Structure formats: C-alpha cells, structure tokens
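Undergrad: Construct the entire structure; sequences and hints are all you get.
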Amino acid sequence: MLLSYVQLDDGTQFAYSETRDDGTVRVAVERPVGPGFDHAECFLPAVNWFNVEGFTADDLTFFTDFVKSNAPLIFEVAERQKPDRRFRRWPPDVLLLNGK
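Residue numbers for the sequence shown follow this note's numbering, beginning at 79 and rising by one.
Because the hints were derived from the structure by calculation, they are not lab data. Being a predicted model, the structure only gives us computed values, none of them experimental. There could be a bad hint or two in this list.
What the hints assert, rightly or not - Restricting the straight-line Cα-Cα distance to at most 20 Å, the calculated cross-link-like pairs of lysine to aspartate or glutamate (EDC-like) are:
1) K146 x E96
2) K160 x D99
3) K146 x D136
4) K160 x D100
5) K146 x E157
6) K160 x E96
7) K146 x D100
8) K146 x E119
TA: Written out as structure tokens, the structure reads:
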C-alpha cells in the first residue's frame, strides 16, 4: 500500500510505502496527463528509477534530487506505517480485547 507524501503544483504526486523488511522504502511518482498518468518508481535509499513511463531524463533528475533531499522525512513517516509500530504508543492493557 502506498500513502500520499506530497503533491506539486503541476499535479505530480509522490507516494511512499511502509519501511520494508530490508530497510528500503518504495517511492512512486505520478503526474496526470490526458486520460492517464506518467509514472515512475524507486526504492530509497538507492533511488534507481524503474517502471518509468512518460517522464523525461530531466524529470527523473529533479525527482532524484527531491526524493534524496526528502529522504529523512520519508523514512520517518514510512517507519510509522509499519504494523508493529502503529500501536506502540498505547499501553499494553489498552490493546487487550474485552479486558482479557
């Protein structure tokens, strides 16, 4: 599952996954064009683009710089999405069902 990170003025949308078991985070970029979308994906921290459709080399250079400069925050919010992390703020007894 991907979650929205930011939308640029031209409609380009960045989304991210939860932190994967290998410590990487998947980042997807989409931009609306006509009836469809331009699309590209990468994994942080490497930022090697794949599944690229419609974006130019200049677009990918901009996205690489953007993703790398935002990587610390993307990693932080991605880590919060891991199932074992979402409930850690609650005391253990709150998670018990029916008080058992």
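Undergrad: Evaluate each hint against the coordinates.
TA: Now for the hints, and whether the structure bears them out:
no., hint, result
1, K146 x E96, "holds (17 Å)"
2, K160 x D99, "holds (10 Å)"
3, K146 x D136, "holds (15 Å)"
4, K160 x D100, "holds (13 Å)"
5, K146 x E157, "holds (17 Å)"
6, K160 x E96, "holds (6 Å)"
7, K146 x D100, "holds (18 Å)"
8, K146 x E119, "holds (14 Å)"
Consistency with the previously given hints is maintained throughout, with no hint failing.
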